[in-house]
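Number of protein chains: 2
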Amino acid sequence: MSSDIHDVVMIGAGPSALTAAIYTTREDIETVLYEKAVIGGLAAITDVVDNYPGFPDGIEGMKLADQLHQQAVRFGAKIAFGDVSGLHRDGDSIVSIVDGQEVRSRAVLIATGSDYKKVSVPGEAEYYGRGVHYCATCDGAFYRDKKLVVIGGGNSAVQETIFLTRYASHIDLLVRSSLKASDVLQKALQPFVDSGQVTIHLETVPTEILANDTGVNRVKIKSNGTESEIETDGVFVFIGLKPNTDFLKDSGIELDEIGLIKTNQHLETSMSGVFASGDVRSGATMQIASAVGEGAAAALSIREYLDELKR
Amino acid sequence: MSSDIHDVVMIGAGPSALTAAIYTTREDIETVLYEKAVIGGLAAITDVVDNYPGFPDGIEGMKLADQLHQQAVRFGAKIAFGDVSGLHRDGDSIVSIVDGQEVRSRAVLIATGSDYKKVSVPGEAEYYGRGVHYCATCDGAFYRDKKLVVIGGGNSAVQETIFLTRYASHIDLLVRSSLKASDVLQKALQPFVDSGQVTIHLETVPTEILANDTGVNRVKIKSNGTESEIETDGVFVFIGLKPNTDFLKDSGIELDEIGLIKTNQHLETSMSGVFASGDVRSGATMQIASAVGEGAAAALSIREYLDELKR
Chain A
11 MSSDIHDVVM IGAGPSALTA AIYTTREDIE TVLYEKAVIG GLAAITDVVD
61 NYPGFPDGIE GMKLADQLHQ QAVRFGAKIA FGDVSGLHRD GDSIVSIVDG
111 QEVRSRAVLI ATGSDYKKVS VPGEAEYYGR GVHYCATCDG AFYRDKKLVV
161 IGGGNSAVQE TIFLTRYASH IDLLVRSSLK ASDVLQKALQ PFVDSGQVTI
211 HLETVPTEIL ANDTGVNRVK IKSNGTESEI ETDGVFVFIG LKPNTDFLKD
261 SGIELDEIGL IKTNQHLETS MSGVFASGDV RSGATMQIAS AVGEGAAAAL
311 SIREYLDELK R
Chain B
11 MSSDIHDVVM IGAGPSALTA AIYTTREDIE TVLYEKAVIG GLAAITDVVD
61 NYPGFPDGIE GMKLADQLHQ QAVRFGAKIA FGDVSGLHRD GDSIVSIVDG
111 QEVRSRAVLI ATGSDYKKVS VPGEAEYYGR GVHYCATCDG AFYRDKKLVV
161 IGGGNSAVQE TIFLTRYASH IDLLVRSSLK ASDVLQKALQ PFVDSGQVTI
211 HLETVPTEIL ANDTGVNRVK IKSNGTESEI ETDGVFVFIG LKPNTDFLKD
261 SGIELDEIGL IKTNQHLETS MSGVFASGDV RSGATMQIAS AVGEGAAAAL
311 SIREYLDELK R
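Each protein sequence line maps, in turn, to chains A and B.
Positions 11 to 321 (the numbering used here) are the ones given, in order, by the first sequence.
Positions 11 to 321 (the numbering used here) are the ones given, in order, by the second sequence.
The shape of chain A in the complex, shown without the other chains:
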């Protein structure tokens, strides 16, 4: 093997890639990770992670990210900042285009994650994770007997609104136009509307998220040209996922209808030697526990793939 060819290039350095790197480097498989934004991914910018298994009282997202980072580095992972803009196969190796330069490796793991789509109003970025949320499974439990505003009108918005009724005393659902969710979901929502626990505001958009000293406390809305305010303890936004797969558009790697990467049972993509794990994978749960579990499984598949290359 030429020293110009890495064993593995991992694209992204969130929990899934960091876990995969713990596994590969612990087995002396030379591994380099390219990250274009934050080491630790979405976990790093999450206030408190309450449901990552092993930390009974929860752990700050930043701290968890830092510990994953340290663990991967302890075993020898190299982490570099770099923006990957493309990927293709060349014989037995995979070429990643990193900051415009070709980087060769025997195998690649794509673990670039997905971002939640934003409504892009003032206050949204400012209170991210501290009053403004995108994952009901992760953060819903912080709102027992509190008031919530939910933004969105599709299947996920209605499904998560129904889910949040088990915590919230009242939910205002802001829908830009009309409800687009399936009939089954709309029917399932109806009893909560009838009981007054959920109020649906059609043709209504948020214009600003506001806070006082103790945190988010109201949302400015606009409906039929009229502005008003809704009091709330928190805001959940469910307007879709944006998988970080734009860089794959000319690669030939198969994506699903929303742009997540399709994989087989070994977490291999449609391009041999290229694997995917975590929130960028079709079927992802957007949970750190699952991202980490898939990272470990992907590393074992990569080891097997590299062993077979040598035979």
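Mixed in with the good hints, there may be bad ones.
Any copy, or any two copies together, can satisfy a pair, since identical chains are not distinguished.
When the alpha-carbon atoms are kept at most 25 angstroms apart in a straight line, the in silico DSS-like pairs for lysine-lysine are as follows [to be verified]:
(1) LYS156 - LYS232
(2) LYS320 - LYS190
(3) LYS272 - LYS197
What the hints contain is simulated information worked out from the structure, not anything from laboratory work.
Since the structure of chain A is already known, use the hints to place chain B on it.
Below, chain B without anything else, positioned relative to chain A:
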């Protein structure tokens, strides 16, 4: 819903079930776990877990198990000791036979794990995890530049021997009769035999694992009626897995050829409403990270299943 019917019964209380319970109970899904042996499963009896993501310097298996346990209990999981001997569907509910009594639930998670098959010689149980190992991915890295004895002659024994050559200075491979591994694997092993890094002992069985003050230091062997000893720093046993699925034999739940449970992409078994995750699932990696990831994913599938029951 009758109070006689649990929302979810989980069979087993290892890392996968405890994680699933963290997720379900945090979402107010009433959950009871039945464990017949050790809370924390194999993790609890592992000396040091080096590759569970989030603990940069490793963590004692017992401590990790304890923290998972605490976290599940914090959100309201009920954990009981009980031996489940059977499972069947009855209309909309699942009946588990626990210590001879019927326990009803809307959904069931099977997370009973798998055990490694034992050679059953003196010293094996005594030095479990402290010189006697069953997982090369987990514990191989503790044996850099050390001597090892590997026991087994099938595919996994040869594959893991090849893998362990990246750490160990020398490996004695003890094979009860002749090598049963595939030709491809035997061919891949040959260079290590030629170089002297691996010595194969055919028709040889271990009779005792011995230690001095600093740990395991030799293995007593018997070959053609003659006894002798091999010096070593550690022993790896690869003679197969024993999935904990005997209790399912009359359930109709589909198992694979070695007795692991088959699941679909939602981790649902062939019996509707019954899910499986972790080391008992066909395709399992025998890694805590993956068991935990699947536990989270299974919990989300269970939530969805329960929501649909209500519609």
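Identical-chain pair category, LYS320 with LYS190, by Cα at 25 angstroms: So LYS320 and LYS190 pass the 25 angstroms test across copies only (22 angstroms; inside, 52 angstroms).
Status of LYS232 relative to LYS156 across identical chains (alpha carbons, at most 25 angstroms): Classified as within: same-chain Cα gap 23 angstroms, cross-chain 70 angstroms, threshold 25 angstroms.
Homomeric proximity label, LYS272 with LYS197: Cα distance no greater than 25 angstroms: Neither way: LYS272 and LYS197 sit 32 angstroms apart in one copy and 34 angstroms across, limit 25 angstroms.
In this structure, the one hint that does not hold is number 3.
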